[in-house]
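So you can see what is in the structure, the chains are spelled out below.
2 protein chains.
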Amino acid sequence: MSVLIVGSTALDSIKTPKAENPRLLGGSASHAAVAASFFGPVKMVGVVGEDFPKRYVQLYERHSIDLEGLQRLQGKTFHWSGEYELNMNNRRTLLTELGVFETFNPQLPASYTSSPFVLLANIAPSLQEHVLTQMRKPQFVVADTMDLWLNIAMADLLKLLKRLDGFVLNDSEAKQLTSEDDLFPALKKLHKLGPKYVIIKQGSHGSILSSPQGLFICPAYPLKKVVDPTGAGDSFVGGMMGYLASSKGGVDKNIRRAMVYGSVVASFCCEGFGLQRTDKVTRAQVDERVKELTALTKF
Amino acid sequence: MSVLIVGSTALDSIKTPKAENPRLLGGSASHAAVAASFFGPVKMVGVVGEDFPKRYVQLYERHSIDLEGLQRLQGKTFHWSGEYELNMNNRRTLLTELGVFETFNPQLPASYTSSPFVLLANIAPSLQEHVLTQMRKPQFVVADTMDLWLNIAMADLLKLLKRLDGFVLNDSEAKQLTSEDDLFPALKKLHKLGPKYVIIKQGSHGSILSSPQGLFICPAYPLKKVVDPTGAGDSFVGGMMGYLASSKGGVDKNIRRAMVYGSVVASFCCEGFGLQRTDKVTRAQVDERVKELTALTKF
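Protein chains in written order, with the numbering used here: chain A, 1162 to 1460; chain B, 1162 to 1460.
Incorrect hints may appear among the rest.
Same chains, same names: a pair is fine if it fits in one copy or spans any two.
As the list claims (entries may be wrong) - With a straight-line Cα cutoff of 27 Å, these simulated DSS-like cross-link-like pairs (lysine-lysine) come out: (1) Lys-1386 with Lys-1237; (2) Lys-1441 with Lys-1215; (3) Lys-1452 with Lys-1414; (4) Lys-1336 with Lys-1349; (5) Lys-1386 with Lys-1441; (6) Lys-1409 with Lys-1357.
Don't read these hints as lab results, they were simulated from the structure.
Keep in mind the model is a prediction, meaning the values are calculated, not measured.
When you get a sec, could you build the whole thing from the sequences and use the hints?
Next up, the structure:
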C-alpha cells in the first residue's frame, strides 16, 4: 500500500566542525520520502521554487517517489542553514528563508486522497491538518513535529493531535509539551491528547514506543562515524511508515519491526551530508543492517 | 562458583528533592554484594567502623554474604553525603568522611583467595590491585571505577587495567579517560589499555559491551519512578558478576544475559533509598522483570 508524505522540501546549508555543505537536498518530506521509498510506493506533497535544482528532482524520481503533489512555484525554495557542534548533538539555526513555503497551500491530487498511510512529517501543524482534512479515510495517520511548533503554534498542534493515530517527538520536546521530566507521566499526558501510538525519539539511544500493546524499546544502530545527523528523525519516521505500509497484518503486528527498519535507515542518513548517503543505499544494505542490529541486541 | 567482591562499605546520607535519608547502608561493595547474592555465593571484602549498625550486618547475613573478609576497626565507618537534582541525573557530593577507610589494608582470608570470579568494585585502584595480587588464579576479573580516580589516581588505574579481563565505566568517564567523544574510538583505546571486555554504562539508556565477540547493546528496564539512583552502577556490575559466577558455559556464552540480569537488579536498586528496595526483592521478582524486559525489546 502507498504512504502519503507531506512536509518540507528544502535546501539545507549545513556546517559541521569538519565541513561546510551549501544547498544540499533537505527538508522533512525529502528525508522521509526517500526513507519510505525503500519499502514501497510513496506520494510526496511539498513545494519548491524556481531555484530547485533538477538533480534533486531526479533524485526523487530515482527513488520512484510520486511527485504529482510537489508544487513548483515562482520564488525561492525554502532554505535552512544550521551549524553543528563538535559532538553532533547540539545544533543551532543560522538562517531560515521560507521562500515559497510562506504561502504554501497544499492541494492534494485526487490520486493522493485515498492513501491508507499518511505521514505528516515536520511542518507547521496547521498545514499538517490542512492535508489531513483532504484525505478520504486514512487507516493510520502519524505526525512528527519540532520544538518550534511547541513554541509558536501550540494551539494548532493540540488540535491536530486529536486527529492522529500516532505522534512522534523527541525526548526534550516531550518534556516541553507535557512539563513532565519522567517517561511514564509524559506518555500518559501525550496519550490523553489523542494519539494511541506515541514514539519518543532519543537520538543515538534509540526510541520508545507506547501503544495499546504496551512499551517497546527500539535500539539504534551504533555508528562508527556520524557525518551529519540532519534528517535522521525524518528518515526514522519515513522508514517506519514505508515499512508499515508495505507489510501485511496490521500496525500492531508490524510496528516494532517498522521502527527497527526506520532506525536503520536513519543510521545511513547520519553517515553522509543531507541525503548523499541514503540516496546510494540499497534495500539489501538496509536488510543487512537490520540483521546486524538484531544480532547486536540478542540475549 | 563464588564471586569475591571488594569495594567500599559505607554509610550514605542521601538528599533528593523529595526526601532526606541519613546513614543508609551504602558503598560499592554493599550494593554489588547484595546484587550478586541473588545468583550464588558472595565473599565480601571491606572495612567498617565501630559505629556500623548491627542491622546492616544482619542485612548482609540475610543475603548469605560471606563476611569473613569484612574488617571491623576502631574508628568511624566511611560516610558519604550527596544531593540529587530534580531529574536525578546530576548529583553532587556534600561530604566525604573516610574514617576507617583511610588506613584500610585489605587482607584476604585464605578461603577467599581461590574465588574464580573477582569484582573490584569502585574503590581506589591501588586497593583494587592490592586485593587482586592476593588472589591465586582468578578466571575472570572485572573492575569498576569512578571519575574521582581518573582525576587523582590515573597512574594506579592504568597499572590495574593491564591486569583486568573486564572494565566497567560510565560514558562520561570513558570520554574523560580516552579523550574521545565517539564510542568506537573510545572503545579501541580502552581495549588497548588491557581489558578484553569493556562495558560502558549509559544510565537509564542501558549499557554497551565490547568484547572479542563484538558489541552487545544491553537495554535498561524502564522505571515508573526513580527514588534514588545511588548504587545502581554497583548493583549492575554486582548482579552481572553474580549471574556469571553461577552460570555454566563460560563468560562469552553468558555475559549478555548476565548484563541484562545486572540491569534488572539495578532497576530495583533505583526504586528505593540505599538498599531498602533491593533488600526486599526476591530472585523470582528479578526473573520476572528479566522476562518483562525481554518482551519489551523483542522485535
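Outcome of the hint check:
For the homomeric pair Lys-1386 and Lys-1237, neither the shortest alpha-carbon distance inside one copy (33 Å) nor that between copies (50 Å) is at most 27 Å. Taking the closest pair of Cα atoms, Lys-1441 and Lys-1215 come within 27 Å of each other only inside a single copy of the chain (18 Å); across copies the shortest separation is 67 Å, beyond that limit. For the identical chains of this complex, Lys-1452 and Lys-1414 are neighbours both inside a copy (19 Å) and across copies (20 Å), given an alpha-carbon limit of 27 Å. With identical chains, the CA atoms of Lys-1336 and Lys-1349 are at most 27 Å apart within one copy only, with a shortest distance of 12 Å there and 35 Å across copies.
For the homomeric pair Lys-1386 and Lys-1441, the shortest alpha-carbon distance inside one copy (17 Å) is at most 27 Å, but the shortest distance between copies (44 Å) is not. Taking the shortest alpha-carbon separations for Lys-1409 and Lys-1357, only the intra-copy value of 20 Å comes in at or below 27 Å, while the best inter-copy value is 44 Å.
Of the hints listed earlier, the one the structure fails to meet is number 1.
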